[in-house]
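**Q** Assemble the complex: chain X is given as a structure, and chain V must be docked to it using the hints.
Residues per chain, in single letters:
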Amino acid sequence: MDLVEFQGKQLFRRNGVPVPAEGTACRTVEEVEAAARGYIETDGASAVMVKAQVKTGGRGKAGGVKYAPSVDDAREHASNILGLDIKGHTVNVVYVEPASDIDEEYYLSVMHDRVNKGELIICSREGGVDIEEVNRTNPDAVVKRTVLPSERENGLPKEIALEVMTQANMPEDVRDEAADLLVQLFAAYLAEDATLAEINPLIKNGEGRIIALDAKVTLDGNAAFRHDGYGEWQIEGIDNDDPLEAEAKSKGIQYVKLDGSVGVLGNGAGLVMATLDVVAQNGGRAANFLDVGGGASADAMAQSLGLVLSDPDVKSVFVNIFGGITRGEEVANGIIEATRRLGDFPQKLVIRLDGTNAEEGRRILEEANLPSVVSKPTMQEAAAEAVRLASA
Amino acid sequence: MSIFIDESTKVVVQGIGSQGTFHAKRNQDYGTSIVAGTHPKKGGTTWDELGVPVYATVKEAVEEAGANTSMVMVPAPFTKGAILEAYEAGIQTIVAITEGVPVHDMTEVYDTVVRRGGVRLIGPNCPGLISPGKSNVGIIPADITMPGKVGLVSRSGTLTYQIMHELAQAGIGISTCVGIGGDPVIGTQFLDVIQAFAEDPETEAIAFVGEIGGSEEQKAGEWIRDNIPDTPVVGYIAGFEAPEGKQMGHAGAIVKEGGPGGESAAEKKEILESFGISVAMNPSEAAQLMIERLGD
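Going line by line, the protein sequences match chains X and V. Using this note's numbering, the letters of the first sequence map in sequence onto residues 1 to 392. Using this note's numbering, the letters of the second sequence map in sequence onto residues 1 to 296.
Isolated chain X (complex conformation) (with noise of 0.2 Å):
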């Protein structure tokens, strides 16, 4: 899960990594020219900063962050930010801070380190812009460090802190703190089951002070559990959910919305994506990704095939089931009960069966007899059958 620039804030605020002061996250032009006019009247901020929250990045470029020395300029600002679309993204939230004095600019990460399986940090003198572009223009200035958990069974030691610092050839005036704050961003990182918490930029301010400026960060959803809080993250109007996609996750059920007409229902994703490969090889081109997942049971069934019906783009469904976990019978259940609660629906339904329990379903399939519902033995059939009937 991606948190927005001033969520990312307020987790490094709670974790003791240093941030600017407190801004205020705002929906209209009116909300903006409030929160500018208190930071600017009031406070005796020389200027403010407008930024859109959207997760995508690229935000400035595209003219989503910008510098308002005035309440007139903030006002402007964010009836050109609010609206905007970055990358797909509709930015319906700013967000409005006092603007910090920026003497220069760094970089610095901490993410899951996948070939490694441990952390990467990454840090360069050189922030402020695409640091992929100085990784190749410059790449001596990069400095990535991988961290295994046995380095680190009280937090990230302060040498190594130092030792990356030193190595990224940070200013000596300010690398001390530098690697304090490191340590504290690793600890946000491990507290908060982070697998991204990136600075850019990482800056040092007029009074020689090191702050995050910006702050991304991606929350570990598995870890959901053991975080009272992570439910709170969502926002409307910034995670752009597709509705069925929203509804879908809700439910558990992974589900990603896409641009055909064949709907593909499936359990496991590596099947369903197998699904959807198949489908465009036989001309057709799937509607959605529904993983019900491992040990579908007949109630997830039905309301996973309620969600695909109920896109209206969806003109033929292929429900694709190769059973381990999940058996025959399950499935075969899940489907009767989904067109029993739908009631009259004017997709077909193209079941292909297999693995545990199959016979089972096939059997209870076929003495339900249901007029909406066409079985076929191999997933090539099913797949041909689905692509025929979304175009018929």
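The hints are simulated quantities; they were obtained by calculation from the structure and are not laboratory data. These numbers come from a predicted model, not from an experiment. Cβ coordinates follow ideal geometry from the N, Cα and C atoms, glycine included. Worth double-checking, as some hints may not be accurate.
If you want the footprint, here are the derived chain X segments under chain V, 3+ residues with CB under 8 Å [unchecked claim]:
hint, stretch
1, 111 to 117
2, 145 to 152
3, 186 to 198
4, 258 to 269
5, 344 to 356
Quick list of in silico lysine-lysine cross-link-like pairs, DSBU-like style, CA-CA up to 35 Å [claimed, not checked]:
hint, chain 1, residue 1, chain 2, residue 2
6, V, Lys134, V, Lys219
7, X, Lys87, V, Lys134
8, V, Lys219, X, Lys144
**A** Chain V alone, transformed into the frame defined by chain X:
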């Protein structure tokens, strides 16, 4: 021969709830030696469905029932603890079926159990493994395949079944099939399994099922080119139709926006083919390519 499990495999099941019982029973019916279950509060009782003892700890299952392999079926919040317990009890092969285990938990487990402990950990979030005719540990439906000479390794459970099924219909059996799981941190990698197949005299050909995301397939492909160029190897990478930047189910299955090259199915296919590996566009074609390669 087979890899990782065989006739001497003695399994303790951690997690004897309804799913654990259902699948352990199926494993037992197949002939797998399930010697015990564990439950912290049910030590000293009998696991009625399987007719084997239940111990409070894995250590007791090792000492009293001779368990050498563990199948972990506990819920995700307890998986880290269960794997560490099996490791500390001296279990040498741990198969973790559970899905949804946090990344941080697995990072620590991997460091302790695999990197420093040298124990064979398969999964988590995997279907387990089967050596047909010998042992089945996990949730792979055994009745769709039979003993044979193809080693199969996969990041996806159901997709593996699909290919096993299609091979079996052509009369081709399996030496061992290993579902390694699709999570970002898993105990056993593609390459580990392929290397084990290369050393197994009964495995004459290798089929592997990859996915979008990461670069494990490329690493395995390079090793195959350099070490076993004459072994028939067939691959399929799921997700040709997966849009960039969208998570497709598995935690690992995502084509990263602006990430390092080679994470899409098309890119992986191209790289693997440059290593001399036949790469199919779908599971049926993978089975077909394997049938053709074996028929040569």
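**Q** Of the numbered hints stated previously, which ones are contradicted by the structure, given in increasing order?
**A** Number 7 - this is the single hint that the structure violates.
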